[in-house]
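*Asks:* Given the structure of chain A, go ahead and fit chain B onto it with the hints provided.
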Amino acid sequence: MMTAPLDGENLALGIHRCDPGAFERLVQRFEPSLHNYANRILGNRFDAQEVVQDAFLRAHDALTRRYDTSRAADLALKPWLFRIVRNLSLNKRSGTGPDGLGRPLQAFDDGRIGPLVPPCTVSQGVEREQEREALERAIAKLPEDGRELIVLRFMEEMSYGEIASVVGQSEAALRGRVFRSLKLLRDALSDNEVRHAM
Amino acid sequence: MQCRSVLTRVDALRTGELPEDEAVRLEEHFETCPSCRDSLDDVGALAGALKTMTLVPERSCCGDVCGAVRDGFGVVAVGDRAVRVAFSERGIRMIEPADREIESFRARYGHRYGRELEERAVPEAIRRAVEDALSGRETTVPEVDLEGATPFERAVLTVLPAIPRGEVRSYSWVAERIGRPRAIRAVGNAVARNPVPFVLPCHRVVPESGGVGKYAFGTPMKRALLAAEGAPVEEIEELARQGVRLVGSATTRVYCVPTCRGARQIRPENLVPFHDAEEAARRGFRPCRICKPVARTA
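Here the protein sequences come in this chain order: A and B. Per our numbering: the first sequence = residues 5 to 202. Per our numbering: the second sequence = residues 346 to 643.
Here chain A stands alone, though its shape is the one from the complex:
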């Protein structure tokens, strides 16, 4: 059974067959997403670039030398690539395991998340740039697994099912963790606003 090809092309199968240009199209399509993912996990763009290059080379080797045709044809390419980048990133980053989101929910304020930026605000220019910077700082303050989930859920817009296949947790657990991440993000943004107001 074939998985639905993206853009009408099964890239994994194309690479397996060594179709000219297939690998290049894969790199072009996924590099920005994978770089963002690795960069958000590692917090360092140089390490992220290294990880992403390594991930592409490993993916190519697996598809051409290790996977047979049916395995390549049926591969869920996007989550697979994210898993490779994830493993390489976690191997690369120093220090201990993920922190933060594993804590029980009680440790967080159970209240609503609270307004961030009114969705319809026509903020422009300087104001808009400040909002982005504030959001950037807030993301950076999240624990590693929180940053990772924010990327997969809100930047990549993956379903909980897809995220589960990338990070290997149940969808129910992921829903809780995503909520906690949003909450932490919101709290960081409020702190920021307070500081800005003073």
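Any given hint could be a false lead.
No farther apart than 25 Å at their CA atoms in a straight line, the calculated lysine to any residue pairs in the SDA-like style are these [said to hold, decoys possible]: (1) 96/A <-> 407/B; (2) 396/B <-> 69/A; (3) 96/A <-> 401/B.
Between beta-carbon pairs, the in silico distance windows are [claimed, not checked]: (4) 161/A <-> 364/B: 14 to 22 Å; (5) 69/A <-> 631/B: 48 to 56 Å; (6) 49/A <-> 376/B: 20 to 28 Å; (7) 29/A <-> 580/B: 53 to 61 Å; (8) 531/B <-> 161/A: 34 to 42 Å; (9) 69/A <-> 424/B: 31 to 39 Å; (10) 49/A <-> 445/B: 40 to 48 Å.
Think of the hints as simulated: they come from the structure by calculation, not from any bench. Ideal Cβ positions, reconstructed from N, Cα and C, are used throughout, including at glycine.
*Replies:* Using the frame of chain A, we list chain B on its own:
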């Protein structure tokens, strides 16, 4: 439903990922809890803002990564014989007749080496080695890159150039030469999988039982290649039909494989045919030092 379990489901509700019954219960909860209802909008607003927060690499790695998995190939032709030659920076990696499907060539190359192929000018040294091999001229020692071959395959393949142009040897001769006299079938497999035919002359290996034997590109091509090198193809086949594996000289008392250059100087009246080395030894003949015929025991 408690606020806590509602809040952890708000984001999945937003994208329609909640099962029907849970979605209904959330909507019911919202009617009595405006705070949770507002959270749905807040998550939506945050999601919209986060979507644009991707970090882009300073420079794309596309050129580097794609270049790292790419080798070159080109066509080399002599007369009406044309082959496709793929090569890494270390040498020739794969050869096959140019009239075969390019797609399967690319795929087999990829499965073996994990590399893609792009058409390039064939480096001069490689072109010359392939042209010599195709035309049956004395071959310049070709640069061959046998990465990916097993140590056994490598041993078999690197012994092939020791078979002189215009001569043939048996699979058991090759087996003996690499120090694995009993691995005749494995030698046959390794020879059959030769990634660089013509240049590493697997066409000079023939079955003990007779004829010129099989060839990856068909027996007619094998006969033609041998004939172009000056090997007496019909004589080889005729001797094999008669069960003659070795020939001796009545004057020198030396025995050879039939295509050894020493053997081919024996006058017909002095030629002594043997079935195997034991027979030759019994009759007081010694093995030739040039072709080193195998001490084959039937």
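*Asks:* So, for every hint listed, does it hold in this structure?
*Replies:* Status of each hint after checking the structure:
Of the pairs offered as hints, the one joining residue 96/A and residue 407/B holds, with about 21 Å between alpha carbons and a cut-off of 25 Å not exceeded. In summary, the hint linking residue 396/B to residue 69/A is not supported, as the alpha carbons are separated by about 36 Å, beyond the 25 Å threshold. The hinted pair formed by residue 96/A and residue 401/B meets the criterion: a straight-line CA distance of about 20 Å does not exceed 25 Å. Between residue 161/A and residue 364/B the beta carbon distance is about 20 Å. The supplied range of 14 to 22 Å therefore holds.
For residue 69/A and residue 631/B, the Cβ-Cβ distance of about 49 Å falls inside the hinted range of 48 to 56 Å, so the restraint holds. Here the CB-CB span from residue 49/A to residue 376/B is close to 47 Å, at odds with the stated 20 to 28 Å. Distance hint check for residue 29/A and residue 580/B: the Cβ-Cβ separation is about 56 Å, which falls inside the suggested range of 53 to 61 Å. For the hinted restraint 34 to 42 Å between residue 531/B and residue 161/A, the CB-CB distance of approximately 54 Å leaves it violated.
A beta carbon spacing of about 36 Å between residue 69/A and residue 424/B agrees with the range 31 to 39 Å that was offered as a hint. The hinted range of 40 to 48 Å is satisfied by residue 49/A and residue 445/B, whose Cβ atoms lie roughly 46 Å apart.
Hints 2, 6, 8 from the list above are not met by this structure, while the remaining hints are.
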